[in-house]
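Taking the numbering used here as reference, the numbering of the sequence shown is continuous, increasing by one, and the terminal residue is 1021.
Listed below are the simulated DSSO-like cross-link pairs for lysine-lysine, each with C-alpha atoms no more than 27 Å apart in a straight line:
#, residue 1, residue 2
1, Lys992, Lys958
2, Lys1021, Lys1003
3, Lys983, Lys972
4, Lys899, Lys883
5, Lys1021, Lys1004
6, Lys958, Lys947
7, Lys905, Lys894
8, Lys1004, Lys958
9, Lys887, Lys899
10, Lys1003, Lys992
11, Lys979, Lys947
12, Lys947, Lys957
13, Lys984, Lys1003
14, Lys939, Lys972
15, Lys1004, Lys972
16, Lys947, Lys1021
17, Lys939, Lys975
18, Lys1003, Lys983
19, Lys958, Lys1003
20, Lys1021, Lys984
21, Lys895, Lys883
22, Lys905, Lys895
23, Lys983, Lys947
24, Lys979, Lys957
25, Lys906, Lys919
26, Lys1003, Lys947
27, Lys1021, Lys979
28, Lys906, Lys892
29, Lys1004, Lys979
30, Lys975, Lys947
31, Lys958, Lys972
32, Lys939, Lys979
33, Lys992, Lys1004
34, Lys984, Lys958
For each label pair, taking beta carbons as the anchor points, the in silico distance ranges come out as:
#, residue 1, residue 2, range
35, Arg924, Lys947, 36 to 44 Å
36, Phe948, Asp1012, 19 to 27 Å
37, Arg924, Asp989, 39 to 47 Å
38, Lys892, Thr920, 36 to 44 Å
39, Ala886, Pro927, 54 to 62 Å
40, Arg924, Lys895, 43 to 51 Å
Honestly, the hints are just simulated from the structure, not real lab data. Being a predicted model, the structure only gives us computed values, none of them experimental. Positions of the beta carbon are idealized from the N, C-alpha and C atoms, including for glycine.
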Amino acid sequence: AVPAKTEAKSKALKAKKAVLKGVHSHKKKKIRTSPTFRRPKTLRLRRQPKYPRKSAPRRNKLDHYAIIKFPLTTESAMKKIEDNNTLVFIVDVKANKHQIKQAVKKLYDIDVAKVNTLIRPDGEKKAYVRLAPDYDALDVANK
879 AVPAKTEAKS
889 KALKAKKAVL
899 KGVHSHKKKK
909 IRTSPTFRRP
919 KTLRLRRQPK
929 YPRKSAPRRN
939 KLDHYAIIKF
949 PLTTESAMKK
959 IEDNNTLVFI
969 VDVKANKHQI
979 KQAVKKLYDI
989 DVAKVNTLIR
999 PDGEKKAYVR
1009 LAPDYDALDV
1019 ANK
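Please model the entire structure based on the sequences and the hints provided.
Following this line, the structure appears as structure tokens:
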């Protein structure tokens, strides 16, 4: 039983030495197939700022009241109201169709079918707001 004990001890010491020093087995070198070095895609962490960079969020300058400036009351606009169930507005140049639709919905409590826009030669934006079939443009215009 004595030689087995010394054998076990030497084995344990070898293991200890290997653990402390680390085993450097022969690593295989990866074959490069391209001459260009591409930086590896590493872990991208979300930003976690210690404090906000702005004290308060910017106030939205383009609210519903700023988007719609005024309705047009020209003869051609009136014809649109009567024949095509369409209201005509002059709107802010920076407003898009979705914003115009939301603004008309909120300010006039009506459903909008679609919005067509154009920029007039004088630089204003004109919006043709087609109403849903269950709303009458004449009634809305007369309010």
